[in-house]
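This is what each chain is made of:
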Amino acid sequence: MVHEDHGIQRHTIALLVENKPGVMARIAGLFSSKDYNIHSLSVGETMDPSVSRMTIVTSGHPLVLEQIVKQLRRLIDVIKVVDLTATGEKFVDREMVLLKVNAKGEARAEAMRITDIFRGKIVDVSPETFVIEITGDEGKIQAAIELLKPCGIRELVRTGKVAVMRGPKSLKLA
Amino acid sequence: MAKLKGYQIFWECLLKEGVDLVFGYPGGAVINIYDELVNYPQIRHVLTRHEQGAVHAADGYARSTGRPGVAIVTSGPGATNTVTGIATAYMDSSPVVVFTGQVPTILIGNDAFQEADIVGITRPCTKHNFLVKSTKDLARTIREAFYIATTGRPGPVLVDIPKDVIVGEAEFEYPEKVHIRGYHPSTRGHPQQIRKAAQLMARAKRPIIYAGGGVIIAGAHQELRQLAELTHTPVTLTLMGLGGFPGDHPLFLGMLGMHGTYVANMAISHCDLIVAIGARFDDRVTGKLDAFATRARDEREGGLGIIHIDVDPTSISKNVKVNVPIVGDAGNILSQMLEFLKEMDVDWEGQHRDWLARLKEWDSQHPLQYTYSEKVIKPQYVIEKLYEVTQGEAVITTEVGQNQMWAALFYRYKRPRQFITSGGLGTMGFGFPAAIGAQLGNPEALVIDIAGDGSFQMNIQELATVAQYDIPVKVLILNNGFLGMVRQWQELFFDRKYSQTDISVQPDFVKVAEAYGIKGYRIEDPKDVEPFLKSLVKMKEAVIVDVVVDREECVFPMVPAGAAVSNMLLDRPATEKNGEELKRLLPLNFPS
Ligand SMILES: Cc1ncc(C[n+]2csc(CCOP(=O)(O)OP(=O)(O)O)c2C)c(N)n1
Ligand SMILES: [Mg+2]
Chain C
1 MVHEDHGIQR HTIALLVENK PGVMARIAGL FSSKDYNIHS LSVGETMDPS VSRMTIVTSG
61 HPLVLEQIVK QLRRLIDVIK VVDLTATGEK FVDREMVLLK VNAKGEARAE AMRITDIFRG
121 KIVDVSPETF VIEITGDEGK IQAAIELLKP CGIRELVRTG KVAVMRGPKS LKLA
Chain Y
1 MAKLKGYQIF WECLLKEGVD LVFGYPGGAV INIYDELVNY PQIRHVLTRH EQGAVHAADG
61 YARSTGRPGV AIVTSGPGAT NTVTGIATAY MDSSPVVVFT GQVPTILIGN DAFQEADIVG
121 ITRPCTKHNF LVKSTKDLAR TIREAFYIAT TGRPGPVLVD IPKDVIVGEA EFEYPEKVHI
181 RGYHPSTRGH PQQIRKAAQL MARAKRPIIY AGGGVIIAGA HQELRQLAEL THTPVTLTLM
241 GLGGFPGDHP LFLGMLGMHG TYVANMAISH CDLIVAIGAR FDDRVTGKLD AFATRARDER
301 EGGLGIIHID VDPTSISKNV KVNVPIVGDA GNILSQMLEF LKEMDVDWEG QHRDWLARLK
361 EWDSQHPLQY TYSEKVIKPQ YVIEKLYEVT QGEAVITTEV GQNQMWAALF YRYKRPRQFI
421 TSGGLGTMGF GFPAAIGAQL GNPEALVIDI AGDGSFQMNI QELATVAQYD IPVKVLILNN
481 GFLGMVRQWQ ELFFDRKYSQ TDISVQPDFV KVAEAYGIKG YRIEDPKDVE PFLKSLVKMK
541 EAVIVDVVVD REECVFPMVP AGAAVSNMLL DRPATEKNGE ELKRLLPLNF PS
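For the record, the sequence lines run as chains C and Y.
Residues in the first sequence are numbered consecutively from 1, following the numbering used here.
Residues in the second sequence are numbered consecutively from 1, following the numbering used here.
You can take every hint at face value.
Straight line, CA to CA, 30 angstroms or less: simulated DSBU-like cross-link-like pairs of lysine-lysine: (1) K540(Y) <-> K385(Y); (2) K70(C) <-> K20(C); (3) K20(C) <-> K16(Y); (4) K20(C) <-> K3(Y); (5) K321(Y) <-> K70(C); (6) K20(C) <-> K136(Y); (7) K321(Y) <-> K34(C); (8) K5(Y) <-> K20(C); (9) K177(Y) <-> K20(C); (10) K172(C) <-> K133(Y); (11) K80(C) <-> K177(Y); (12) K133(Y) <-> K20(C); (13) K375(Y) <-> K497(Y); (14) K288(Y) <-> K321(Y); (15) K136(Y) <-> K80(C); (16) K196(Y) <-> K70(C); (17) K104(C) <-> K149(C); (18) K70(C) <-> K288(Y); (19) K414(Y) <-> K360(Y); (20) K196(Y) <-> K80(C); (21) K321(Y) <-> K90(C); (22) K100(C) <-> K149(C); (23) K80(C) <-> K133(Y); (24) K519(Y) <-> K375(Y); (25) K34(C) <-> K288(Y); (26) K34(C) <-> K161(C); (27) K34(C) <-> K90(C); (28) K177(Y) <-> K70(C); (29) K121(C) <-> K140(C); (30) K80(C) <-> K321(Y); (31) K534(Y) <-> K375(Y); (32) K205(Y) <-> K342(Y); (33) K177(Y) <-> K172(C).
Since the hints were made in silico from the structure, they are not lab data.
Since the model is a prediction, treat every value here as computed from it, not as a measurement.
Next comes chain C alone, as it looks inside the complex (with noise of 0.2 angstroms):
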């Protein structure tokens, strides 16, 4: 379908899915094949080992968002799918970011500043740089790089958003 850029939505998807090889490259292809955005996915074994969860932030029309959790719905290996946004419920998302930053001179002092404010950690020391971990949720991530790149951002690595419903609602196999 084609649709004008106003009404595009980003959502977190929760999923349950078998934990087999393979799996990953039908969601992969999924969303590659059907040319649907895919901002951050992140993957691991549940409490059941034969089960993975899956978190995917993913944006688009509202009739497109629908077409993704049916598509998604419709794979063998995909046993639950929940949009999370969709469903209005409150849930909690975190996300992890690795950043090597310059820390020479004036950037040292700034890094580890900024750091303590994002309630970092300096996990990698050497004379010229830190390694910086800093969670938090899209918005804290964000502002955190912001602040970081004038000290000079060598690398940055992120884990993908994990998110979860508040209270004591869980997704379920069944």
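Assemble chain Y with the ligands onto chain C, guided by the hints.
Just chain Y with the ligands now, with coordinates in the frame of chain C:
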């Protein structure tokens, strides 16, 4: 429990699935399976002459019988040769199970001899696929493959079996039940939605039922007919839906879409309610989307919108926003809907009288037509006569191109599974092997492939299969010496520049048939068409007929790709100037 070898487990599973016919082509990776085959006389193996032919034949068998088709091929090139067949089955939701041999598990990923990552290659064109890692998983995997292929919205499933899994040993137990925790095809529609649909139907003044292949797959043709007759609602079918509603029924408007009838396309444009059943609003049906069914979709014009019944949620609101979506089995939903409708106090006949009269008028203004000639055979005439001579009873397969559209328009299909064509992928070369599969699935039926001279050459090697097994299919080649459908586009939109579409350098099809020991005929005179067809339908063996037809006949009506349905062409543009106008109608260059 008995320990069996993988190759024994393989055939045991097929027996359990009730398979008695498989198509295939052997090679090193599956040689043990073939070796074991001789111990299973209950299963007939048909050796095609190309793996593509095997998959299309399995597909033709599946479409014509409703039972899953099975193909077996070797690893590497054997597997890659199946891809077009699999993609064809995928696009038309046909239950085909393809088994491919694979190099031993320890060699996977090594670029071993005849290794191809067929699971990776076919991921986007199968409903699901499997790589079997261990002999103990083989039986369960085969069980799941058949289950997935045949349930919900059916589709092809591929099972890749490495050589060590084939020769390995395991205890054989065929699982009674299948439990796949990520797969729950929905069957029963939501009663609330169904009631809402019935209420909408009761309000409509100008409703239309637009039904597709889903009706045939679901076996919902009787319910569809009851719905139409009870509510006096006209029916149009997609290419894939032909046969889902009787072609000679007074409520039938013909096919809609790019080469649909004038009345069907006018009806879709002017209706106030669309009841879509097992159809997916394909671009070949809708044409330009914003101009599609504008009245039904516009509330201010009194439009009541769209009801959409489909087993696959992804088909709903994909291209066109739907007002009443109902997910589930069409037969089940329609019978529930009929219950609601029967209780309603509506004078259906009176309510739709004006609408039906208007449709009749449109139909008589521009019925399907062509100009008969005494000098040269018109392809439409051949199909028309074939319909008469066979009394509409033949099972027809088609190739792709003009031949396909004429077969869709000029033959009237009475029942489901009678018209077998590659709609979604549009695969030239499908019809002939599909006819082989359909014939083997329906030994008593008269099975005819309506072919084009280009398409037939794409799987012409299957003549040997026909000869080897005495498969009495008939092939009618509508021989125009052109890739006719592409030529038609070139005529209409590219100033008659026939770039690379003249295929008049071609074999003598009669001699080719004879070379395989098959009967071949040529007809060139319009006078001969009818008497020849009369004798053809009595012939008990395979026959290849080279019908030399008008080289530059066009398929009309035609809605240029990407144009609005209202820009339908009913005939060749009369003047050059009209031709120029035409080109402007072509905003998007879709493939033909
Ligand atoms: C495998 C494949 N290649 C190319 C096409 C594009 N195509 C569509 S119709 C057509 C012409 C078919 O020619 P022929 O079989 O002679 O049929 P006709 O249109 O002349 O009846 C072509 C090339 C296709 N559909 N399938
Ligand atoms: Mg031709």
